[in-house]
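The opening position of the sequence shown corresponds to residue 4 in our numbering, with each subsequent residue numbered one higher.
Just so you know, these hints were derived from the structure itself, not from any lab.
Accuracy of the hints is not assured; some may be wrong.
What follows is a set of in silico ranges between Cβ atoms, one per label pair, in the way DEER data are often shown [claimed, not checked]: (1) P160 x T109: 34 to 44 Å; (2) N38 x P176: 47 to 57 Å; (3) S98 x R185: 20 to 30 Å; (4) D58 x L30: 38 to 48 Å; (5) V143 x V37: 39 to 49 Å; (6) V115 x P170: 21 to 31 Å; (7) D91 x V24: 50 to 60 Å; (8) A33 x V163: 22 to 32 Å; (9) L23 x S98: 26 to 36 Å; (10) E92 x S50: 17 to 27 Å; (11) T168 x M19: 12 to 22 Å.
Even glycine gets a Cβ: it sits at the ideal position worked out from N, Cα and C.
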Amino acid sequence: MRKLRNQRGATLIEIMVSILVMAIGLLGLASLQVNAMKFQKTASQRSEATQAAYDLGERMRSNWVMGTNPANIAADRTANEAKYTFNDEYLVSSSAAHTPPNNCKTATCSTVQIAANDVQEWLRSLQRRLIGGTGVIVPVAGGVGSTFDVTVMWREPGFVDVDATCPAVARAPAGVRCFNLRFSI
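Sequences and hints are given; from them, build the entire structure.
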């Protein structure tokens, strides 16, 4: 009988401690779930940016081949680089309405018109696919052939710093992420 009296209330304390441990575990699990969703959104945005950069590269390559004159490669290189250069600042480009200037899907267009359409369609797709999405296309001087740096930019929720990978020409504000791709044609 004496042993039973000494254990009075011990089960109540054990139950309260186990409830406390379980509550801490459930809070940790909920926090893990919230962070997993946040990181999944970040990964999704980065994946969209990567796809968009490669898409522009393929558009440029196809138009480049079509517009290149083998007899005058140096002049064509300069002309092709000029028609694909787009280096507006982030705040200007992300809020602009990018409308293709020509309907090259049904009409015959020159390579310059195709390039203008490619850039504008690419910028429109960035605005649709990414939060605050836009991009910068800059030719790289001194490369063999034509080399471009393509930067895709977007706003990432929860990111409050200035991304050091953003090019200076873009003047990207704090909270904007950048994905850079360099390719040669």
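Checked hints:
no.	hint	result
1	P160 x T109: 34 to 44 Å	39 Å, holds
2	N38 x P176: 47 to 57 Å	25 Å, violated
3	S98 x R185: 20 to 30 Å	27 Å, holds
4	D58 x L30: 38 to 48 Å	42 Å, holds
5	V143 x V37: 39 to 49 Å	41 Å, holds
6	V115 x P170: 21 to 31 Å	24 Å, holds
7	D91 x V24: 50 to 60 Å	56 Å, holds
8	A33 x V163: 22 to 32 Å	24 Å, holds
9	L23 x S98: 26 to 36 Å	51 Å, violated
10	E92 x S50: 17 to 27 Å	25 Å, holds
11	T168 x M19: 12 to 22 Å	51 Å, violated
The earlier numbered hints that this structure contradicts are 2, 9 and 11.
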